[in-house]
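K.L.:
Here the protein sequences line up with chains G and D, keeping their order. Positions in the first sequence are counted from 1; adding 47 to them yields my numbering. Positions in the second sequence are counted from 1; adding 1 to them yields my numbering.
All the given hints hold, so there is nothing to weed out.
Restricting the straight-line Cα-Cα distance to at most 20 Å, the calculated cross-link-like pairs of lysine to aspartate or glutamate (DMTMM-like) are:
{"no.": "1", "chain 1": "D", "residue 1": "Lys71", "chain 2": "D", "residue 2": "Asp97"}
{"no.": "2", "chain 1": "D", "residue 1": "Lys56", "chain 2": "G", "residue 2": "Glu148"}
{"no.": "3", "chain 1": "G", "residue 1": "Lys147", "chain 2": "D", "residue 2": "Asp32"}
{"no.": "4", "chain 1": "G", "residue 1": "Lys147", "chain 2": "D", "residue 2": "Glu53"}
{"no.": "5", "chain 1": "D", "residue 1": "Lys74", "chain 2": "G", "residue 2": "Glu148"}
Honestly, the hints are just simulated from the structure, not real lab data.
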Amino acid sequence: DTGVSQDPRHKITKRGQNVTFRCDPISEHNRLYWYRQTLGQGPEFLTYFQNEAQLEKSRLLSDRFSAERPKGSFSTLEIQRTEQGDSAMYLCASSFDGAKETQYFGPGTRLLVL
Amino acid sequence: AQTVTQSQPEMSVQEAETVTLSCTYDTSESDYYLFWYKQPPSRQMILVIRQEAYKQQNATENRFSVNFQKAAKSFSLKISDSQLGDAAMYFCAYFDSNYQLIWGAGTKLIIKP
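From just these sequences and the hints, can you work out the full model?
P.N.:
As structure tokens, this is what we get:
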């Protein structure tokens, strides 16, 4: 068990570019979550997968954001036409059915949009 | 909608002493979970302790314990024998029926050597 991993750890992009982040959950965890955290704030929920099904999406997740979890394993979060307001830490977490409420977090991807 | 409030933006404590971080929440649900996570600078979110609302007994994990007051909707974290490695942002979080964690704004804990 290597924990939740995220790639890349840091991303700098220019406004208008597309970016994609990857999250690999703990291997036996079937639930996967994405959160966004801005400096000095607590995380905000973005979306949630149970296996490959995306069950919940926050209204924070605009049309420019899309998340996938093919085959119920790793997940990707894509942001199209990035804006400076997208600059934040993007956190991924996972849990399993036996303790679905207890989420374990990855190190995050820090995005800076110039 | 559920909300979580941490009223202390920053707390400091002398090494080896005890400190209590406050958290209140608002919910109409009767069964739920509460968590404390710590986030050291530039490092990942780490689970500190969890509490099931249906359990009256306060959770403890080594030097970390909670004071859970369900009627008052209060969930404070006590850290005993504070260590330099405890310095971090501490977040209180509520797990809701939509499988989301609702977070407080965090408390920055400073440990004075």
